[in-house]
Amino acid sequence: MQELNKHVKSINHLLERYGVRFGIYKNGTFKEQLFPFDPIPRVIEHEEWVELEEGLIQRVTALNMFLKDIYGEKKIVKDGVIPPEFVFSSSGYLAACEGMVTPKGIASHISGIDLVKGNDGVWYILEDNLRIPSGASYPLIARDLCRTASPATFAHTPVEDNRDYAEMLFETMNYVNTGGLNVILTPGRYNAAFFEHSYLAEKTGTVLVYNTDLIVENDVVYLKTAAGNQRVGAIYRRTSDEYLDPLAFNPESLIGVPGLFQAMKKGNVAVLNAPGNGVADDKGIYYFVPKMVEYYLGEECKTHNAPTYLPYYEEDRKYVLDNFDNLVIKDVAEAGGYGVVFGSTLTAEKKADFIHAIKTEPRRFIAQEIIDFQDLDILDEDGVTPVPRKADLRAFVLAGETVRVWKSGLTRFSRDPNSSIVNSSQGGGFKDTWVLSR
Amino acid sequence: MALHFSKAVEDQFFSMICLPVDTARQKVLELNTLVQPETVLNEDTDGFGNRKLYGCVREPHREFLLRTEGAVETGSALYEEWQDPADIGLVRYQVPTDLTAPGPVLQELFREWAAGAPEDPYGKLLYYGRLTGERIRYVPGTTDSRTTAEQAAALESGVCQDIAHVLIALLRMAGMPARYTVGLIPGEGESHAWVEANCRGYWYGFDPTNQLLVDEGYIKISHGRDYRDCMISRGIFKNPYALQTMEVSVSVAQAEE
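Residue numbers (my numbering), protein chains in the order written: chain P, 1 to 438; chain R, 1001 to 1257.
So here's chain P without its partners, still in its complex pose (with noise of 0.2 Å):
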């Protein structure tokens, strides 16, 4: 292990040749910034990656059998286990995917779940990412220059190959598709993923396609190719779901496919993740996952949520008020670590603005107590010593015949030492996660 640590000039530098980028918009103009890699793996050992994987299978499995709920009979909300109003006020929730029944029942195909290891030891569950999650691409390119840097490390460790997340997302295609291609659609190169979908099209052999390349007639959906067109049974989009089709959606997307979501609803093709999936990760639904999987699979969820109160409830609302200092406040439209406050960081006016905020729209709010996780060892600048930061695990979970846990994961730390919030979009870097085979 650390044999890595000398390498890792050259690894980053090959990551800056490769294209290893992350792209943030900040005031209105694109930047693209290095993603910086860390050489120190997390290392997660066998008997504890055991433990999550089946935990995570159970999660994503009920949020899978949620959504086709919740745009289908809606059983969860009948029988008064989830508020309607948190479904069905959330921003995720589309109406235009009512009665919607996607391939094979399955909505969200590629779900990141994000962790982190508490001081206690426990994994706590910090948000469940069932839209576009991204980031599986960096630490399979990051672990092939590793394994090219110092091939002697991974002979001598028993660390859990991850170059098969390729095999496990074609497959997944492969199982929902209605007939045809299966093409990765991205919304181009100002995106701020638009590097892992070029390379995840590269390593799955699937055609990388922009919105233009597809064409929409009688609700089926062709690529235009120079040999004619040729008819599309999956698409893993990477555009988000407001820009998949102005019919359906913004009407003023110039990214999106005319006509693909009415394709989709007719189980013409494949669309993952399905639109829609929004409603499940919401910030304010997270508090209900573990009753989910009680209602949809009558077991105890074994997944640990942080503890988390919903200002919406009087008792709850109450308990926020009166610790505000010692928790955090999420909003619950926000995403990418931003509308993310520790109450104890607020000035007095703030504070204030925030407290009255709760009490108009209790809905938009939760609060979770601040989790103690461990932090991590990264090397310092001079590329030498070890410093601790704090760190979160994103793990990708695929669902297609199986619902499969990829043996790896995206560490991603703060280079902040007083920061928590680990986002690459806040400048964070990121670590190989390895998973011990024994």
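Treat the hints as calculated values from the structure; they're not laboratory data.
As the structure is a computational prediction, the values presented were derived from the model and not from experiment.
Among these hints, one or two may not hold up.
Stated by the list, open to error - Pairs of lysine-lysine, DSS-like flavour, derived with a Cα cap of 25 Å: (1) R/Lys1052 / P/Lys68; (2) P/Lys74 / R/Lys1052; (3) P/Lys359 / P/Lys68; (4) P/Lys265 / R/Lys1007; (5) P/Lys318 / P/Lys265; (6) R/Lys1238 / P/Lys224; (7) R/Lys1052 / P/Lys266.
Claimed, not checked - So the derived list for chain P, only partly shown, Cβ under 10 Å to chain R, looks like this: (8) Leu94; (9) Asn177; (10) Asn218.
By construction, the Cβ of each residue, glycine as well, lies at the ideal position given by its N, Cα and C atoms.
Let chain P serve as the given structure and place chain R on it in line with the hints.
What follows is chain R alone, placed relative to chain P:
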């Protein structure tokens, strides 16, 4: 509805919610739809039970026309019964949307008016409907299709869309399920928007712009949470240099007995 393009366009995709549905209030007797250039017209139902027509014109063209003619019988009832194809319940029409979420102006307005509001839900609809129509003046050109209820309330002016949004926001604040409704009124002109509120299980319509109860003169096309759910026409076409002008004309006349 006609679209004129300054230059020829191709691959024009369109999606329209423009056909009336059968309800307790109205019965569609006859309906003929014509599209030019000729193309396949597909039909589907959206998440609110509205009828959606969609299709595509591939070959280059400069004119697009969609015309619907028909006969609708109204007057059998003043209300619609509660029917929800999505089986969600009323909650969808009770929560704020981007266009109807109240801000300080609407909250203040609500505080000012709530004190004098009657208890009865139907009475509430009339009360808030009348006050809204008096306060928000009909002044075309002061707002656009993205104007929110809050902005229109601050301007105290707008078109039927804005006046309906303000009334919806107020009714929802008062705890009443309210929905945006698009349709046709007698005469010649454009489509119109009004509000339906759920009073003890029945939807009653009020037109705050004209300060009128929705009676047999109104033909309903669609309803939703706000304007965005009921957009009559959506579309996209290929040719970045072409400018589009839209012409919508509606003509409603009473049939002879």
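Task: Violations among the numbered hints - done: Result: hints 3, 4, 5 and 9 break, sorted rising.
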